[in-house]
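First to last, the sequence lines map onto chains A and B. Each residue of the first sequence is one higher than the last, beginning at 1 in this note's numbering. Each residue of the second sequence is one higher than the last, beginning at 1001 in this note's numbering.
If you're looking for bench data, these hints aren't it; they were derived computationally from the structure. Among the hints, erroneous ones may be present.
Using 30 Å as the maximum straight-line C-alpha spacing, the simulated BS3-like pairs for lysine-lysine come out as follows [as the list claims (entries may be wrong)]: (1) A:K56 / A:K234; (2) A:K234 / A:K30; (3) A:K194 / A:K234; (4) A:K232 / A:K194; (5) B:K1056 / A:K194; (6) B:K1056 / A:K74; (7) A:K142 / A:K124; (8) A:K124 / B:K1104; (9) A:K56 / A:K74; (10) A:K194 / A:K56; (11) A:K56 / A:K30; (12) A:K124 / B:K1056; (13) B:K1102 / A:K124; (14) A:K30 / A:K232; (15) B:K1048 / A:K124; (16) B:K1104 / A:K142; (17) A:K68 / A:K30; (18) A:K194 / B:K1098; (19) A:K30 / A:K84; (20) A:K124 / B:K1098; (21) B:K1056 / A:K84; (22) A:K142 / B:K1098; (23) A:K142 / B:K1102.
Distance ranges between label pairs, derived from CB positions [claimed, not checked]: (24) B:R1370 / A:S100: 45 to 51 Å; (25) A:R21 / B:W1151: 47 to 53 Å; (26) A:P248 / B:R1074: 54 to 60 Å; (27) B:A1083 / A:L9: 18 to 24 Å; (28) A:K84 / B:M1247: 45 to 51 Å; (29) A:P248 / B:M1247: 31 to 37 Å; (30) A:L180 / B:W1151: 48 to 54 Å.
Built from N, CA and C at the ideal position, the CB exists for glycine as well.
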Amino acid sequence: MNAGNKKSLEPILSAHGIVNRFGNQLVHDKLDLDIRQGEILGIAGGSGSGKSVLLKTLTGLHRPNSGKVLLNGKPIASLGSNEKAEQIGVLFQRGALFSSLSVAQNVMLPMREHTDLPVEAQEKLAAVKLELAGMPADSAAKFPSELSGGMVKRAALARALALDPRILFLDEPTSDLDSLTASGIDELIVQLNKGLGVTVVIVTHDLNTLFGICDRVAMLVDRRITVDTVDKLKRSDEPWIHDLLHSPRAQGALHARKPGHGIG
Amino acid sequence: MPRASTTPPSSILAIHGDGNQMALEGVLDVRSLDQAHSALGQWLTQRKDRVLDLRKLSGLDTPGAMFLCELRDRHVELTGISAEHEQLLDLVCGLGRKELVKPKAVPGWREFIIRIGRGADAFGRDTYDVIAFVGKSLNALLRSLFHPSLWRPAAISRQITETGVNALPIVGVMAIMISFVIGYQGLVQLRPFGGQDYTINLVAVSILREMGVLITAIMVAGRSGSAFAAELGVMKTREEIDALEVMGLGPMELLVVPRLVAIIITLPLLTFFADVMGLVGGAILSQVELHISPLPFLDRVRLAVDTSDLFVGVVKAPIFAFFIGAVGCMHGLRVRGSAESVGRETTRAVVKAIFLVIIFDALFSILFERLGI
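Just chain A, with the same shape it has in the complex (with noise of 0.2 Å):
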C-alpha cells in the first residue's frame, strides 16, 4: 500500500448481480464488482468478454438487463445529471474530444456547464487540469486534429479530471501508444490517484498496465468476474487466466514490473 493513500475496504461503485444481454448472446451473467475507495482496478478480459459493455455499465451509460450499479450507495440510474458529473469521469478510448471545440475548451465545457465560477477562474483552473494531465502550456489553444495520440489521451484525461472526480474511468488508456508514451501515461495515473485521491479503473489489454500500476485486477471470464491481486491471480487454475498471466508478454511485463506496487 502505497503511504499516506488511504484505500478504505469500503466500496464507492458497486455492481450487484449484473446481467447484460444482446440478442441470445449473454454477456454478462449475474456478475457482482466492488470498487474500492481510492484503489486503482485493472478490468482485463479476453476480446468480446464483455469489458466496454462492463464499463459502460458502471458508468451509467447503459442500463443492463438486470442487476443494479450503486455509486456510495445510491442506485446509479436516480443521480442527477450534475452529480453524476461531479462523481464520475471517464477517457474514452479514442478521447472522444469535441473536434470543434480547442483543448482548452474542451477542458472548460464541463466546468462552464456544472460551475459558477468566472471565465478567468475556468481558464486558470483549465491550465492546471492541462498540465496535470502533462499537456504542454501551448497546447490548449490547439484543436484535437493536431494532437497526436498520446496527446489525445492526455487531453479527454485533463477534460475527465475538470470537475474533480471521485472515480475515474479509463477505456484503454495506453492502447495505440508507443511504450515509451504508455509508461508515462501509466506513471501520470499513479500520481493522480495519489495526489488527488481519485479512484481509477482501467479497462486495458496493457500488462504492463495491469502488473505495474493496478492494486487489484478483475479478470472478465465466462460471463463473471474474478477480482484479486495479480499476485494470487497468477495461482489461480481458471485456463483463461493462468494462461495469460504465464503467457511470454506476462513474464516480461513482471519483470518490467516496480516493486511496491499491485500488492494490495
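Put chain B on the given structure of chain A with help from the hints.
Positioned in the frame of chain A, the structure of chain B alone reads:
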C-alpha cells in the same frame, strides 16, 4: 480524501479567527471558493505575518488547492494540513500554474479581409480541382470504354439501382408537385384573359424543356452526389483507398468510373420519367381545374410541344449527371483524416453539384436560343 465521498458533497465552509490568525473549517471546494475569496481578501492586503490554520478542513479539491497555493505564494503560512491535503497541495503547488495560452486575437476588420482572401484562394483552388478532376475522370471513363476488361457490370448495376431505381418514387412525386405549382401560377395569370386553357401549354413546355430535368438533377445531386462523396469519404478515412492503390488498383477505374457510368445512364431515364409524371400532374390539374379529361389533354399537349422540346430537356441530363457524379467523387476523395471532414466534403459536393447544374442549365438556355431550338 479531498472530499468526503460517502456523504453527499456539501460545501459548508466556516472562516473564523482574527488578527493575523485565521482558520478554515469545513470543505474548501468549487462552491465555497467564492466565500473564501471574499472573506480572506481584505485580510490578505491588510496584515503581515499571516497564518491560516487548516486543521479543521475536511475537504479540498483542485480549485481549493489552487487557492491555497496562491496564498502560499503570497507568504501566508498554512498550518495543520492533513497528510492527504498535503499530497494534493504538493501536486498542485508543484505545477507551473501558468496562464492558459490563447490564440492571438485578430481585429474584426482584418479577420474580415483574411476571410475574403481565404475565400478567393479556396475558390481558385476549387475551380482548378474541379477542372483537373473532370479531366481525370473523362480520361478514365473513355479508357474504360475502350477496354472491356475494365468494365465492372456488377458495380455499375448496383449503382444504377442505388441512383436510379430507388430514386423513382421521390422523383415522380416531385415532378407531379412541380407541375401543380406551375399550373396554378399559370391558371391565376391567364384566367383574366380567358386563356386558362393555355395553362396546358405552359405546363407541358416548361416541364419538358426545363423543370423535368432540373428537378431530377437537383434531386439526384442531393441523393446520389452526397452518397458518392460520403461513401468514398468514409473509404478514405478507413484507408481503403490507400489499400486499393497499394494493390495497384486505381480508385478512378474501380470506384469513380462505375458511379459515373451509372449516373450518366440513370439521369436521362429519370428525366424522361419525371417528364411523364409531370404531364400526369398536368392531366390531373386540367381535369380538376379546367374540366378537360386526359385524352383531350394529351391532344393539347401534342399541339403544344414537339420532339425537340423533349430532346432539349433530356439531352442536358447526361452532362448534368457527369458533373454531379464527378463533383461527388472528387469531394469524397478529398476527405482528409477525420469523420468531421466527411460531413464537410459531402455538403460541399451537394452545393457545388447543384450550383454547376444551374450554371450549365443557364448556358444551355442561351445556346438553344441561339441555335433556335
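Now the hints, each set against the structure:
no.: 1; hint: A:K56 / A:K234; result: holds, 28 Å
no.: 2; hint: A:K234 / A:K30; result: holds, 24 Å
no.: 3; hint: A:K194 / A:K234; result: holds, 26 Å
no.: 4; hint: A:K232 / A:K194; result: holds, 24 Å
no.: 5; hint: B:K1056 / A:K194; result: holds, 22 Å
no.: 6; hint: B:K1056 / A:K74; result: holds, 28 Å
no.: 7; hint: A:K142 / A:K124; result: holds, 17 Å
no.: 8; hint: A:K124 / B:K1104; result: holds, 18 Å
no.: 9; hint: A:K56 / A:K74; result: holds, 17 Å
no.: 10; hint: A:K194 / A:K56; result: holds, 25 Å
no.: 11; hint: A:K56 / A:K30; result: holds, 16 Å
no.: 12; hint: A:K124 / B:K1056; result: holds, 27 Å
no.: 13; hint: B:K1102 / A:K124; result: holds, 12 Å
no.: 14; hint: A:K30 / A:K232; result: holds, 23 Å
no.: 15; hint: B:K1048 / A:K124; result: holds, 27 Å
no.: 16; hint: B:K1104 / A:K142; result: holds, 12 Å
no.: 17; hint: A:K68 / A:K30; result: holds, 10 Å
no.: 18; hint: A:K194 / B:K1098; result: holds, 23 Å
no.: 19; hint: A:K30 / A:K84; result: holds, 24 Å
no.: 20; hint: A:K124 / B:K1098; result: holds, 8 Å
no.: 21; hint: B:K1056 / A:K84; result: holds, 27 Å
no.: 22; hint: A:K142 / B:K1098; result: holds, 16 Å
no.: 23; hint: A:K142 / B:K1102; result: holds, 9 Å
no.: 24; hint: B:R1370 / A:S100: 45 to 51 Å; result: holds, 49 Å
no.: 25; hint: A:R21 / B:W1151: 47 to 53 Å; result: holds, 48 Å
no.: 26; hint: A:P248 / B:R1074: 54 to 60 Å; result: holds, 56 Å
no.: 27; hint: B:A1083 / A:L9: 18 to 24 Å; result: holds, 19 Å
no.: 28; hint: A:K84 / B:M1247: 45 to 51 Å; result: holds, 48 Å
no.: 29; hint: A:P248 / B:M1247: 31 to 37 Å; result: holds, 34 Å
no.: 30; hint: A:L180 / B:W1151: 48 to 54 Å; result: holds, 52 Å
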